[in-house]
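Engineer: So you can see what is in the structure, the chains are spelled out below.
2 protein chains.
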Amino acid sequence: MIIANENFGKLASSYLFSEIGKRVNEFKNENPDAKIIRMGIGDVTLPLPKACIEAMHKAVDEMGSASTFRGYGPERGYDFLIRKICDYDYRRHGIKIDTDEVFISDGAKSDTGNITDILGHDCIVAVTDPVYPVYVDTNIMAGRKEGIVYLPCTAENNFVPELPVGDVDVIYLCFPNNPTGTTLTHDQLKKFVDYAIEHKSLILFDAAYEAFISSEDVPHSIYEISGAKSVAIEFRSYSKTAGFTGTRCSYTVVPKECIGYGLDGKEYSFNELWNRRQCTKFNGTPYIVQRAAEAIYSESGREQVRQIIDYYKTNATIIRNALISKGYTGVYGGVDSPYVWVKTPEGTDSWGFFDYLLKEKAIVSTPGAGFGSSGEGYIRLTAFNTTENTVEAMNRI
Amino acid sequence: MIIANENFGKLASSYLFSEIGKRVNEFKNENPDAKIIRMGIGDVTLPLPKACIEAMHKAVDEMGSASTFRGYGPERGYDFLIRKICDYDYRRHGIKIDTDEVFISDGAKSDTGNITDILGHDCIVAVTDPVYPVYVDTNIMAGRKEGIVYLPCTAENNFVPELPVGDVDVIYLCFPNNPTGTTLTHDQLKKFVDYAIEHKSLILFDAAYEAFISSEDVPHSIYEISGAKSVAIEFRSYSKTAGFTGTRCSYTVVPKECIGYGLDGKEYSFNELWNRRQCTKFNGTPYIVQRAAEAIYSESGREQVRQIIDYYKTNATIIRNALISKGYTGVYGGVDSPYVWVKTPEGTDSWGFFDYLLKEKAIVSTPGAGFGSSGEGYIRLTAFNTTENTVEAMNRI
Numbered sequence: 002m003i004i005a006n007e008n009f010g011k012l013a014s015s016y017l018f019s020e021i022g023k024r025v026n027e028f029k030n031e032n033p034d035a036k037i038i039r040m041g042i043g044d045v046t047l048p049l050p051k052a053c054i055e056a057m058h059k060a061v062d063e064m065g066s067a068s069t070f071r072g073y074g075p076e077r078g079y080d081f082l083i084r085k086i087c088d089y090d091y092r093r094h095g096i097k098i099d100t101d102e103v104f105i106s107d108g109a110k111s112d113t114g115n116i117t118d119i120l121g122h123d124c125i126v127a128v129t130d131p132v133y134p135v136y137v138d139t140n141i142m143a144g145r146k147e148g149i150v151y152l153p154c155t156a157e158n159n160f161v162p163e164l165p166v167g168d169v170d171v172i173y174l175c176f177p178n179n180p181t182g183t184t185l186t187h188d189q190l191k192k193f194v195d196y197a198i199e200h201k202s203l204i205l206f207d208a209a210y211e212a213f214i215s216s217e218d219v220p221h222s223i224y225e226i227s228g229a230k231s232v233a234i235e236f237r238s239y240s241k242t243a244g245f246t247g248t249r250c251s252y253t254v255v256p257k258e259c260i261g262y263g264l265d266g267k268e269y270s271f272n273e274l275w276n277r278r279q280c281t282k283f284n285g286t287p288y289i290v291q292r293a294a295e296a297i298y299s300e301s302g303r304e305q306v307r308q309i310i311d312y313y314k315t316n317a318t319i320i321r322n323a324l325i326s327k328g329y330t331g332v333y334g335g336v337d338s339p340y341v342w343v344k345t346p347e348g349t350d351s352w353g354f355f356d357y358l359l360k361e362k363a364i365v366s367t368p369g370a371g372f373g374s375s376g377e378g379y380i381r382l383t384a385f386n387t388t389e390n391t392v393e394a395m396n397r398i
Numbered sequence: 002m003i004i005a006n007e008n009f010g011k012l013a014s015s016y017l018f019s020e021i022g023k024r025v026n027e028f029k030n031e032n033p034d035a036k037i038i039r040m041g042i043g044d045v046t047l048p049l050p051k052a053c054i055e056a057m058h059k060a061v062d063e064m065g066s067a068s069t070f071r072g073y074g075p076e077r078g079y080d081f082l083i084r085k086i087c088d089y090d091y092r093r094h095g096i097k098i099d100t101d102e103v104f105i106s107d108g109a110k111s112d113t114g115n116i117t118d119i120l121g122h123d124c125i126v127a128v129t130d131p132v133y134p135v136y137v138d139t140n141i142m143a144g145r146k147e148g149i150v151y152l153p154c155t156a157e158n159n160f161v162p163e164l165p166v167g168d169v170d171v172i173y174l175c176f177p178n179n180p181t182g183t184t185l186t187h188d189q190l191k192k193f194v195d196y197a198i199e200h201k202s203l204i205l206f207d208a209a210y211e212a213f214i215s216s217e218d219v220p221h222s223i224y225e226i227s228g229a230k231s232v233a234i235e236f237r238s239y240s241k242t243a244g245f246t247g248t249r250c251s252y253t254v255v256p257k258e259c260i261g262y263g264l265d266g267k268e269y270s271f272n273e274l275w276n277r278r279q280c281t282k283f284n285g286t287p288y289i290v291q292r293a294a295e296a297i298y299s300e301s302g303r304e305q306v307r308q309i310i311d312y313y314k315t316n317a318t319i320i321r322n323a324l325i326s327k328g329y330t331g332v333y334g335g336v337d338s339p340y341v342w343v344k345t346p347e348g349t350d351s352w353g354f355f356d357y358l359l360k361e362k363a364i365v366s367t368p369g370a371g372f373g374s375s376g377e378g379y380i381r382l383t384a385f386n387t388t389e390n391t392v393e394a395m396n397r398i
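From first to last, the protein sequence lines stand for chains Z and W.
Residue numbers for the first sequence follow my numbering, so the first one is 2 and each next one is one higher.
Residue numbers for the second sequence follow my numbering, so the first one is 2 and each next one is one higher.
Possibly wrong hints are sitting among the right ones.
Same chains, same label: a pair holds when it works inside one copy or across any pair of copies.
[Claimed, not checked] Here are the simulated BS3-like pairs of lysine-lysine, each with C-alpha atoms no more than 27 Å apart in a straight line:
#1 Lys267 - Lys23
#2 Lys201 - Lys314
#3 Lys85 - Lys51
#4 Lys192 - Lys327
#5 Lys257 - Lys23
#6 Lys11 - Lys191
#7 Lys11 - Lys267
#8 Lys192 - Lys51
#9 Lys97 - Lys192
#10 Lys257 - Lys11
#11 Lys362 - Lys314
#12 Lys23 - Lys201
#13 Lys51 - Lys267
#14 Lys362 - Lys59
#15 Lys11 - Lys327
#16 Lys36 - Lys51
#17 Lys36 - Lys97
#18 Lys85 - Lys36
It is worth saying that the hints were derived from the structure and are not from the lab.
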């Protein structure tokens, strides 16, 4: 008899965005003329950079001719893209990453989800609270529900999680953070790296929002911290950087010195394990998509990406400044991030404030409670909209 | 202390194609002028159909304009593609598959690999021998090494596996088969469906080579067999059909009546489990790639794909007929498949015959032993080459 993976039964219902959709639809039906401004879901709105479009047209033509056609590519990605990553994203920031430490994939969600494949079954896993639900759900699917430790991030600790009490084996960190938009300084992140070195833990560092960093003291990569290569895997994405949410390309860095252990203390190279995992369960990212990603690093591509990021950052600043000037006392994020995290007014909870913004102002937000219990009492607003709509939304509040 | 997934240590080294590469390189160095014909790796050589190229150019342009740009798509795939699949691949063959039973992905390797996520830990898994290594390796990674049952497929049983003895929970079947190129008739496949119904087992049916079927009595889909929807998940791919090995698109059908069980007998819908798995660990196939796949179903696309398949099938026929006419007594496959499976001459084993073909004839094959112990004494030749090269290779033998 085929036994299903019963751990799926332990997952919380994934109702956040469907519940938002339901409430928005109800409002729309009752108010067909309302001009709704969507600041809820974290999806980009600007088109792909011109450099990427040109590179894809060229690559598509290559696929149409026998002499330039590409079949199976390397599972870990083409060298032409990996070399650009090592050079622009690391070497120019003083970090040495070898080409065989980079793995191109179809998305940070896939990689942060699939990474559990290379971890032992009984690991204790720490996540921040609020948290990107993928970290939690994938570990529950893998049978680790009882082994998840939550590290609260609230206004009280300035959204800087405390170090775990006692031993944890895996720590997921996403900074700049989704959903709060807050960051860690070099020294704050160093405490986690030092903890991981001391406890032989593994840090899974999700840097999907790295491109939005402008503050001086905020590390772009965890490998800026001395010793991090032996204890950290880093995830990067082109989704929010260059608008690749529907084009799908990201990469993961697994340094060769990053090791795990057997129950008997034997050492395992996570680089080798992840390579074997990817070669067995993945067949590479589309050639044309990798060419598009490569174009991000061209001179024109870099300039176009800078403009895209600036556009969203301007929106984030508009949201942040408007809320502060209107007397909201708890306004976080929005400086090194496209997300602004807002304390709900006295006497309302996440869903209550969500409903107020929707029904009174025709603005869609995301209730913070959907990201974990410490998200209660907050909402998330995103900068992924036109500046015109962003300004109008703020005028309405 | 971070414990690694020690099951990776139980995997056999993945040396088949690297060992082939090493021997080919040695031969090349010693014989720089030899014109090597590669009939080893199963990668396509013809460019993408024109209809796909046109569709991709159009989709790339859409991604370059704010008014037509697409961000996150549905994790399970766009409706425009799913509707074509339900209509052309199923309804027109008399099979009813609903749109919410189809999941678009980036490859059959990903899906046949990731499907273990929804299976219970202690399943007994049956695979044919020889076998596509992904089925075995992904189950070893998931900790099922001791629970794998091998069903030999050899000339003695005409490459039709016997039913498992006793209870097995999961049965992987790939027909037309990789690597042997052989098929099951309707009645032969029905025996497995009946077994699965009787034992409440699950069949994972890999139909990646379906487009090559021309024999009347060979089912294109396992759902042609009555009752199969309650016990079978089917994997399809555009890789070999339309040359998508480097473009990456496939789909998996999980019927709503296909159920698994809890240890207490509780029923789980595999459709719901797979949907949750994909929504959590996958973010959809690139929009432009799904548009390319949709174009396969247009009138011109269907005609262009037919020509591609005919071209490879002609090559397969050339290989098959040439070997038979030259007195090879064991020549299998190559009728409903791009693969020809050849018994090695008396006194040579797989690697011995591989070396003979390489060194004496400058032809690259794949040693059958690389696919499992029952593959010893065979080599695989593929039709993915130009007809000119195929003819020349056969003249050399």
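Engineer: So, for every hint listed, does it hold in this structure?
Structural biologist: Checked hints:
Neither within a single protomer nor between protomers do Lys267 and Lys23 lie at most 27 Å apart by alpha-carbon distance, with minima of 51 Å and 30 Å respectively. When the C-alpha separation of Lys201 and Lys314 is checked against a cutoff of 27 Å, the pair qualifies neither within a copy, at 37 Å, nor between copies, at 55 Å. Taking the closest pair of Cα atoms, Lys85 and Lys51 come within 27 Å of each other only inside a single copy of the chain (18 Å); across copies the shortest separation is 31 Å, beyond that limit. In the homo-oligomer, the alpha carbons of Lys192 and Lys327 never lie at most 27 Å apart, since the shortest distance is 36 Å inside one protomer and 72 Å across protomers.
Proximity of Lys257 and Lys23 under a CA criterion of 27 Å is satisfied inter-copy only: 24 Å between copies versus 47 Å inside one chain copy. When the C-alpha separation of Lys11 and Lys191 is checked against a cutoff of 27 Å, the pair qualifies neither within a copy, at 34 Å, nor between copies, at 36 Å. For the identical chains of this complex, Lys11 and Lys267 are inter-copy neighbours only, at 14 Å across copies versus 32 Å inside a copy, given an alpha-carbon limit of 27 Å. In this assembly of identical chains, Lys192 and Lys51 lie within 27 Å of each other by CA distance neither inside one copy nor across copies; the values are 41 Å within and 56 Å between.
Taking the closest pair of Cα atoms, Lys97 and Lys192 come within 27 Å of each other only inside a single copy of the chain (22 Å); across copies the shortest separation is 57 Å, beyond that limit. Proximity of Lys257 to Lys11 under the C-alpha cut-off of 27 Å is restricted to the inter-copy arrangement: shortest distance 21 Å between copies versus 35 Å within a copy. Taking the shortest Cα distances, Lys362 and Lys314 sit within 27 Å of each other inside one copy (23 Å), while across copies they are farther apart (63 Å). Taking CA atoms no more than 27 Å apart as the test, Lys23 paired with Lys201 passes in neither setting, with 45 Å inside one copy and 38 Å between copies.
In the homo-oligomer, the alpha carbons of Lys51 and Lys267 never lie at most 27 Å apart, since the shortest distance is 49 Å inside one protomer and 53 Å across protomers. When the C-alpha separation of Lys362 and Lys59 is checked against a cutoff of 27 Å, the pair qualifies neither within a copy, at 45 Å, nor between copies, at 38 Å. In this homomeric assembly, Lys11 and Lys327 never come within 27 Å of each other (Cα to Cα): the closest approach is 42 Å inside a single copy and 62 Å across copies. For a Cα distance limit of 27 Å, the shortest separation of Lys36 from Lys51 qualifies neither inside one copy, at 30 Å, nor across copies, at 42 Å.
For the identical chains of this complex, Lys36 and Lys97 are neighbours neither inside a copy (50 Å) nor across copies (41 Å), given an alpha-carbon limit of 27 Å. Taking the shortest alpha-carbon separations for Lys85 and Lys36, neither the intra-copy value of 43 Å nor the inter-copy value of 35 Å comes in at or below 27 Å.
Of the numbered hints listed earlier, those contradicted by the structure are 1, 2, 4, 6, 8, 12, 13, 14, 15, 16, 17, 18.
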